[in-house]
Amino acid sequence: MASPSNSANSPSNNAGSPPSSDSANEQGGDGYPSSQVNGAVGLYGTTGSLPLKDRVAIITGGSGGIGSAITTHLTSLGAKVVIGYVGDPVPADSLASSLNNSTTADSGPQAIAVEADISKEEQVKYLFDKAQSTFGPKIHILVAAAGVQDPKYPPLAETTLEQWEWVYNVNAKGTFLCCREAANRLVRGGGGRIITMSSSTVGSLRPGYSTYSSTKGAIEVMTKILAKELRGTGITANAVAPGPIATPLFYAGKSEERIRAVAAESPMGRLGRPEDVAPMVGFLASDAGEWVNGQIIRLNGGYV
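Counting in full-length UniProt numbering, the sequence shown runs from 1 upward without gaps.
The hints are simulated quantities; they were obtained by calculation from the structure and are not laboratory data.
Keep in mind that the hints are not guaranteed to be accurate.
[Said to hold, decoys possible] Simulated restraints, written as ranges between beta carbons of each label pair:
1) 264 <-> 122: 44 to 52 Å
2) 231 <-> 257: 45 to 53 Å
3) 253 <-> 205: 14 to 22 Å
4) 292 <-> 162: 36 to 44 Å
Glycine included, C-beta positions come from ideal geometry on N, C-alpha and C.
Take these sequences, add in the hints, and give me the full structure.
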């Protein structure tokens with residue numbers, strides 16, 4: 001595990017410090033395989049079985065629910081991964097160790113865990129510095145998967161400034177800091193990918209989600225504009241917006257009855273799984289995803 005000298009001491013696998021001990025956070029599968037049949041181009045637009053071979057990906061929240069599945073999937077596609085996390089190092093270190101033990105690569109580690117609070121500018125820089133010092137100067141992919149949500153789901157009229165600032169500092173400010181660093185440090189000329197994490201709550205407009213959903217709305221607009229600003233660099237920027245996904249972040253603060261009701265709202269009759277999200281991120285990170293740029297990809301089984 002690597003950690004900056006001024007790393008945060010928040011008790012979570014997420015960036016930023018929660019306003020209370022019962023705040024929920026998730027900052028830190030296998031999916032569809034990349035295939036080559038008789039020399040044909042596979043799902044990820046390459047002629048090899050490892051479309052992300054030797055590419056370096058930073059995943060914030062990389063040991064959380066969705067983040068862990070994304071990290072595992074990108075590694076299965078050949079990427080070297082930097083697992084960003086805050087708080088308890090065990091999940092991130094365990095994931096990195098598992099990924100390194102499962103690879104036959106003889107050129108050093110395939111995965112490292114790095115503690116970095118994405119709401120702090122200097123720690124975001126440290127995260128990128130650590131990626132370069134470990135894997136070399138080229139960073140190809142940023143997946144900004146870190147995020148927090150207050151499990152009390154307060155209506156706007158009852159949301160404290162402290163609660164609002166905490167969610168905005170991690171979700172909106174943290175994503176901004178990571179995207180800004182990526183815009184300046186990802187490889188030019190092809191293969192550069194920025195993938196942010198929004199939410200289908202932007203479309204569902206559920207009461208109790210005003211703060212959380214507004215941060216995700218900000219991320220969507222920021223991502224779409226960033227794609228235009230990166231004209232000529234070969235770097236794409238897209239947002240993935242999952243619906244209800246069976247992760248600790250989703251379950252926090254919800255009754256069993258509420259969870260069943262949300263699952264029943266989906267035309268698919270179930271909650272999403274982290275493994276439903278990871279393959280789309282893998283596609284966007286690959287060469288096949290190059291023509292998808294400035295888009296919001298809603299992964300919710302028809303929920304919205």
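Results for each hint:
1. A beta carbon spacing of about 45 Å between residue 264 and residue 122 agrees with the range 44 to 52 Å that was offered as a hint.
2. The hinted window of 45 to 53 Å between residue 231 and residue 257 holds, with their beta carbons roughly 49 Å apart.
3. A hinted range of 14 to 22 Å for the beta carbons of residue 253 and residue 205 is consistent with their spacing of about 19 Å.
4. Residue 292 and residue 162 have their C-beta atoms about 38 Å apart, which keeps the hinted 36 to 44 Å range intact.
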